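Order-wise, the sequence lines are chains P and Z.
At position 72 of the first sequence the residue is numbered 72 (our numbering), and the sequence of numbers has no breaks.
So our numbering is basically just the index in the second sequence, starting at one, shifted up by 217.
Worth double-checking, as some hints may not be accurate.
Taking CB as the label site, the calculated pair distances span [as the list claims (entries may be wrong)]:
#: 1; chain 1: Z; residue 1: Arg228; chain 2: P; residue 2: Arg28; range: 24 to 34 Å
#: 2; chain 1: Z; residue 1: Leu468; chain 2: P; residue 2: Arg111; range: 35 to 45 Å
#: 3; chain 1: P; residue 1: Val187; chain 2: Z; residue 2: Arg253; range: 44 to 54 Å
#: 4; chain 1: P; residue 1: Val187; chain 2: Z; residue 2: Thr230; range: 24 to 34 Å
#: 5; chain 1: Z; residue 1: Ile256; chain 2: P; residue 2: Asn21; range: 35 to 45 Å
#: 6; chain 1: Z; residue 1: Phe229; chain 2: P; residue 2: His210; range: 42 to 52 Å
#: 7; chain 1: P; residue 1: Lys13; chain 2: Z; residue 2: Glu250; range: 36 to 46 Å
#: 8; chain 1: Z; residue 1: Phe229; chain 2: P; residue 2: Ala121; range: 23 to 33 Å
#: 9; chain 1: P; residue 1: Asn61; chain 2: Z; residue 2: Leu396; range: 57 to 67 Å
#: 10; chain 1: P; residue 1: Ser212; chain 2: Z; residue 2: Ser511; range: 51 to 61 Å
Which chain P residues stay away from chain Z? Per the calculated CB distances, all over 10 Å, these [said to hold, decoys possible]:
#: 11; residue: Ala50
#: 12; residue: Gly58
#: 13; residue: Arg80
#: 14; residue: Pro104
#: 15; residue: Glu112
#: 16; residue: Ser140
#: 17; residue: Gly167
#: 18; residue: Ser185
#: 19; residue: His210
#: 20; residue: Ser212
#: 21; residue: Asn213
#: 22; residue: Val216
Capping the alpha-carbon separation at 30 Å, the derived lysine-lysine pairs in BS3-like fashion look like this [stated by the list, open to error]:
#: 23; chain 1: P; residue 1: Lys57; chain 2: P; residue 2: Lys47
#: 24; chain 1: Z; residue 1: Lys237; chain 2: P; residue 2: Lys20
#: 25; chain 1: P; residue 1: Lys15; chain 2: Z; residue 2: Lys422
#: 26; chain 1: Z; residue 1: Lys249; chain 2: Z; residue 2: Lys422
#: 27; chain 1: Z; residue 1: Lys382; chain 2: P; residue 2: Lys131
#: 28; chain 1: P; residue 1: Lys13; chain 2: Z; residue 2: Lys422
#: 29; chain 1: P; residue 1: Lys20; chain 2: P; residue 2: Lys47
#: 30; chain 1: Z; residue 1: Lys422; chain 2: P; residue 2: Lys71
#: 31; chain 1: P; residue 1: Lys47; chain 2: P; residue 2: Lys71
#: 32; chain 1: P; residue 1: Lys57; chain 2: P; residue 2: Lys15
#: 33; chain 1: P; residue 1: Lys158; chain 2: Z; residue 2: Lys422
#: 34; chain 1: Z; residue 1: Lys249; chain 2: P; residue 2: Lys71
#: 35; chain 1: P; residue 1: Lys71; chain 2: P; residue 2: Lys15
#: 36; chain 1: Z; residue 1: Lys237; chain 2: P; residue 2: Lys131
#: 37; chain 1: Z; residue 1: Lys422; chain 2: P; residue 2: Lys47
#: 38; chain 1: P; residue 1: Lys131; chain 2: P; residue 2: Lys158
#: 39; chain 1: P; residue 1: Lys57; chain 2: P; residue 2: Lys13
#: 40; chain 1: P; residue 1: Lys71; chain 2: P; residue 2: Lys131
These aren't lab readings, by the way, just hints derived from the structure by calculation.
Quantities reported herein were computed from a predicted structural model and do not represent experimental measurements.
Glycine included, each C-beta is placed from N, C-alpha and C at the ideal position.
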Amino acid sequence: MIELQHVYKRYDKNKKDVLKNVSFALERGSMTFLTGQSGAGKSTLLKLIAGLERPSKGSLNVGGLSVGELKDYELPFYRRQIGVVFQDHQLIEAFSIAENVALPLRVSGYRESDIQRRVGAALASVGLGDKVTSFPHELSGGEQQRVGIARAVVARPKVLIADEPTGNLDPELSAEIMDLLYRFSQVGVTVLIATHDIALINQLDHPILHLSNGVVT
Amino acid sequence: MSKTQSAQQSRFTAWAEHNKFCLRDAWSRQRKELGRSIITWVVIGFSLWLPTVLYALLVQLEPLLEQSPTPQLNVYLEQDLTSNEIDQITAPWRAVPELSVRIITPDEALAATERQIDLIGAMTQNPMPYTAVISGPSDQLQAIAGGLSQLDHVDGYQLDEDWIKRWNWLVGLGQRGILFISIILLLGAIATVGNTIGLTIISRKHEIEVMTLVGATRSFIRRPFLYYGVISGILGALMSLVLFLALVITLYSPWQQLLHSYQIPATDLPLISWVFAPIMGVIIGTFGALVACSRYLDKD
Ligand SMILES: Nc1ncnc2c1ncn2[C@@H]1O[C@H](COP(=O)(O)OP(=O)(O)OP(=O)(O)O)[C@@H](O)[C@H]1O
Ligand SMILES: [Mg+2]
Chain P
1 MIELQHVYKR YDKNKKDVLK NVSFALERGS MTFLTGQSGA GKSTLLKLIA GLERPSKGSL
61 NVGGLSVGEL KDYELPFYRR QIGVVFQDHQ LIEAFSIAEN VALPLRVSGY RESDIQRRVG
121 AALASVGLGD KVTSFPHELS GGEQQRVGIA RAVVARPKVL IADEPTGNLD PELSAEIMDL
181 LYRFSQVGVT VLIATHDIAL INQLDHPILH LSNGVVT
Chain Z
218 MSKTQSAQQS RFTAWAEHNK FCLRDAWSRQ RKELGRSIIT WVVIGFSLWL PTVLYALLVQ
278 LEPLLEQSPT PQLNVYLEQD LTSNEIDQIT APWRAVPELS VRIITPDEAL AATERQIDLI
338 GAMTQNPMPY TAVISGPSDQ LQAIAGGLSQ LDHVDGYQLD EDWIKRWNWL VGLGQRGILF
398 ISIILLLGAI ATVGNTIGLT IISRKHEIEV MTLVGATRSF IRRPFLYYGV ISGILGALMS
458 LVLFLALVIT LYSPWQQLLH SYQIPATDLP LISWVFAPIM GVIIGTFGAL VACSRYLDKD
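Build out the structure end to end from the sequences listed, making use of the hints.
Written as structure tokens, this is what we have:
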């Protein structure tokens, strides 16, 4: 589903490579953790897969699509096929929970009736079916993170990536979020989660990719 | 990975849907940010109103310009011509319908001059020539003047159109002045719309970022702002039209009387006086939005 071959990433021409010769492959429906020290390049790697940054060198293939070769105008259409969960949830304060979750569908031009139906289903799947009309500031941190997950999965992406989805949560809530993400992998979504919560990773039995100074070890 | 999904509509339906959504959004935003919006309408309205009024004034005064005397060409003929010879020389000019030709005899010319300068009365011989005064369109007079050197019996000529040129320069200056003022006001209005939309973009920065993250295209993100700009332009134009109409209604009868007292015929306002504001309003709104988008959105 996701395949990287000799991928390099460098932000500035004169700076050093943030990712160096990264190669790995993830099966469809797998759930994988990405670990490494701060600055190791975890977020960078996820941004490449999400189509928010481009690899400097090497090939990145997602679902048969050569992501590095997409044209600028094609990238938005690619991004719609990837669900992304952010550490700081990135919810829009002025939008209701339902409107926040609906955003990826609106952007892709879904019919209003489909939007209603899918938003309801997505919020129900993260256990927030009763918060449709609330606003982000009325929710707890864990609930906000679950809204972020609902938004990431509402368009039924084949790939779900999460950057420190439990960074601000206590251990109990963190386990809950991981369990939620795992359930999506069970229905065929390829899940990749960046985290440095070693304790949590050790509790769970999923493959781990370790990044160290931009190199997978 | 599949590129089409069943719940997704065709590109066109989705596009139409989003346009409707943006229209509603832009409209509700005009009301939500009423203070800022009203300032924008007023600036656009005034920028459209002033050129409309000035232009209308110019149109109304146009008959005055047409009343101005036509240019004259004075052709000085030899003194000892018979009236037959004079007829022969002037015949080609008389044949042109746009031209009128009048002959001033030396006696008439002397009489006219003596009234001004007594000195000449002392002269024993009348020094004045026969003069053919031709009036008509200036380009024709110029053509005639150009050919005079080839004619017999012609001593010289004077093309008397300086003051008419000056008058036309003055009119041209007025027209250019209006054009200049209009352009300045237009640019000011575009800058104002751009600034208003720029502020909106800044206040919605996060929203725009998130939309980009979940796959919004460039045009999807720009669309609501374009709509906002166009709606501002239309509302501003409406304001300008209402003010203009009020002016026309209030001043109509005194203005007619004034024109009448100067014997200037009344002129209807041309269509442009009514369509200038709406068309320019839409242009101002669109350009303002484009300026804002390129300044605040496109730099990554
Ligand atoms: N947009 C950018 N422009 C330039 N350099 C960047 C950019 N984003 C990240 N970097 C650099 O790339 C390196 C890796 O950053 P990255 O955010 O991928 O690390 P990370 O593993 O996610 O760290 P953390 O655990 O702290 O989130 C860092 O040295 C960072 O300074
Ligand atoms: Mg990071």
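Quick rundown of the hints versus the structure:
For the pair Z:Arg228 and P:Arg28, the supplied restraint of 24 to 34 Å holds, since their beta-carbon distance comes to about 28 Å. The hinted window of 35 to 45 Å between Z:Leu468 and P:Arg111 is violated, with their beta carbons roughly 55 Å apart. The supplied range of 44 to 54 Å is met by P:Val187 and Z:Arg253, whose beta-carbon atoms lie about 47 Å from each other. Against the hinted window of 24 to 34 Å, the Cβ-Cβ separation of P:Val187 and Z:Thr230 comes to about 29 Å, which satisfies the hint.
Hint check: Z:Ile256 to P:Asn21, Cβ distance near 57 Å, so the stated range 35 to 45 Å is violated. The supplied range of 42 to 52 Å is met by Z:Phe229 and P:His210, whose beta-carbon atoms lie about 48 Å from each other. Under the hint 36 to 46 Å, the C-beta atoms of P:Lys13 and Z:Glu250, about 42 Å apart, fit the expected range. In this structure the hint that Z:Phe229 and P:Ala121 lie 23 to 33 Å apart at CB holds, the actual value being about 27 Å.
The hint said 57 to 67 Å for the Cβ distance between P:Asn61 and Z:Leu396, and at roughly 59 Å that hint holds. One distance hint, 51 to 61 Å for the beta-carbon pair P:Ser212 and Z:Ser511, is violated here, with the actual separation near 42 Å. The beta carbon of P:Ala50 is not kept farther than 10 Å from every beta carbon of chain Z, the shortest such distance being approximately 8 Å. Distance to chain Z confirms P:Gly58 as a non-interface residue, since its nearest Cβ pair spans about 20 Å, more than 10 Å.
Chain Z draws P:Arg80 into its interface by the beta-carbon criterion, the shortest separation being 4 Å against a cut-off of 10 Å. The beta carbon of P:Pro104 sits about 4 Å from the closest Cβ of chain Z, which is not more than 10 Å, so the claim that it is off the interface is violated. Non-interface call for P:Glu112 relative to chain Z: violated, since the shortest CB-CB distance, roughly 8 Å, does not exceed 10 Å. With a closest Cβ-Cβ approach of about 20 Å to chain Z, P:Ser140 is found to remain outside the 10 Å limit, as its non-interface label requires.
Distance check for P:Gly167 against chain Z: the nearest CB is about 17 Å away, which clears 10 Å, and the non-interface claim stands. For P:Ser185, the requirement that its beta carbon stay farther than 10 Å from each beta carbon of chain Z is met, with the minimum near 17 Å. P:His210, annotated as away from the interface, keeps every beta carbon of chain Z farther than 10 Å; the closest lies near 26 Å. A cut-off of 10 Å between C-beta atoms confirms that P:Ser212 is not in contact with chain Z; the least separation is 28 Å.
Distance to chain Z confirms P:Asn213 as a non-interface residue, since its nearest Cβ pair spans about 27 Å, more than 10 Å. P:Val216, annotated as away from the interface, keeps every beta carbon of chain Z farther than 10 Å; the closest lies near 24 Å. Distance check on the hinted pair: P:Lys57 and P:Lys47 sit about 15 Å apart at the alpha-carbon level, within 30 Å; holds. Taking the CA atoms of Z:Lys237 and P:Lys20, the gap is about 47 Å. The hint is violated against a cut of 30 Å.
For the suggested pair P:Lys15 and Z:Lys422, the alpha carbons sit about 29 Å apart, so the restraint of at most 30 Å is met. Only pairs whose Cα atoms come within 30 Å are accepted, and Z:Lys249 paired with Z:Lys422 is accepted, the gap being roughly 18 Å. At roughly 79 Å between alpha-carbon atoms, Z:Lys382 and P:Lys131 are farther apart than 30 Å, so this suggested pair is violated. Using a Cα cut-off of 30 Å, the hinted pair P:Lys13 and Z:Lys422 holds, with the two alpha carbons roughly 28 Å apart.
Among the hinted pairs, P:Lys20 with P:Lys47 is consistent with the structure: their alpha-carbon atoms are about 15 Å apart, no more than 30 Å. This hinted pair checks out: Z:Lys422 and P:Lys71 have alpha carbons roughly 24 Å apart, not beyond 30 Å. Taking the CA atoms of P:Lys47 and P:Lys71, the gap is about 16 Å. The hint holds against a cut of 30 Å. A hinted pair counts as satisfied when its Cα atoms are at most 30 Å apart, and P:Lys57 with P:Lys15 qualifies at roughly 15 Å.
This hinted pair checks out: P:Lys158 and Z:Lys422 have alpha carbons roughly 29 Å apart, not beyond 30 Å. At roughly 38 Å between alpha-carbon atoms, Z:Lys249 and P:Lys71 are farther apart than 30 Å, so this suggested pair is violated. For a cut-off of 30 Å, the pair hint linking P:Lys71 to P:Lys15 stands: about 25 Å separates their Cα positions. Distance restraint check for Z:Lys237 and P:Lys131: the Cα-Cα separation of roughly 27 Å lies within the 30 Å cut-off, and the hinted pair is therefore satisfied.
Our distance criterion of 30 Å between C-alpha atoms is met by Z:Lys422 and P:Lys47, whose separation comes to about 20 Å. Among the hinted pairs, P:Lys131 with P:Lys158 is consistent with the structure: their alpha-carbon atoms are about 26 Å apart, no more than 30 Å. Taken as a hint, the P:Lys57 and P:Lys13 pair is honoured in the structure, with Cα atoms around 13 Å apart against an allowance of 30 Å. A distance of roughly 39 Å separates the Cα atoms of P:Lys71 and P:Lys131; the hinted pair therefore is violated under the 30 Å criterion.
Of the numbered hints stated above, those contradicted by the structure are hints 2, 5, 10, 11, 13, 14, 15, 24, 27, 34 and 40, listed in ascending order.
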